[in-house]
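Whenever a hint applies, use it, and build me the whole structure from the sequences.
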Amino acid sequence: DGGITQSPKYLFRKEGQNVTLSCEQNLNHDAMYWYRQDPGQGLRLIYYSQIVNDFQKGDIAEGYSVSREKKESFPLTVTSAQKNPTAFYLCASSLLADPSYNEQFFGPGTRLTVL
Amino acid sequence: GENVGLHLPTLSVQEGDNSIINCAYSNSASDYFIWYKQESGKGPQFIIDIRSNMDKRQGQRVTVLLNKTVKHLSLQIAATQPGDSAVYFCAEMSGSARQLTFGSGTQLTVLP
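Protein chains in written order, with my numbering: chain A, 1 to 115; chain B, 1 to 112.
No false leads were slipped in.
Straight-line alpha carbon distances no greater than 27 angstroms define the calculated BS3-like cross-link-like pairs of lysine-lysine that follow:
| id | chain 1 | residue 1 | chain 2 | residue 2 |
| --- | --- | --- | --- | --- |
| 1 | B | Lys42 | A | Lys9 |
| 2 | A | Lys57 | B | Lys42 |
| 3 | A | Lys70 | A | Lys9 |
| 4 | A | Lys71 | B | Lys42 |
| 5 | A | Lys83 | A | Lys9 |
Residues of chain A clear of chain B, computed beta-carbon distances all greater than 10 angstroms:
| id | residue |
| --- | --- |
| 6 | Asn28 |
| 7 | Ser73 |
| 8 | Thr79 |
| 9 | Thr113 |
What the hints contain is simulated information worked out from the structure, not anything from laboratory work. Where a beta carbon is used, it is the ideal one built from N, C-alpha and C, also for glycine.
Laid out in structure tokens, this is it:
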């Protein structure tokens, strides 16, 4: 089955610890994205990557880091510098073409709770 | 049932009625729009999309209308069912980076 997987579904960490969220896709999509969602709110873009070994900051990149060593993988690290890390984290991917009118496909999300 | 703008984030409709969810987008340069459905604790699911060179697009039980003059997007759901209960987000895309900007969402509740 093709799709996007995120693991784990629930994650608990102590304050001050770094934590890495996994995102894998087997859709052969070029671009991958990380969003943060707070209760009752929309999605805000953290980082995105359009090609391997390259990524750009989104609207709320402070306190987060990413890597894109493989096309199918885009892990997100929530560092201790992120002041309010408890949230629902969503990974997405899409094809890129010129021009591109392709929707983003979302994974099931990881709910991170910092104690 | 119908909501107007993002100041009314909750919409309740009777099962079988039609629903209209509205969205005011921000960027006049946006050229692609998507409606997503998000059930509690899950990732958003694509419903329907529309390009800026169109003003209407229909899918199965859903219709999206685009009014570029007033930067307004709407999602119509025909014969609303209990399984339609979810939060609905509109998203707009613009620029060479093809980033999506999401609205704050509308909670649709279908009453029996």
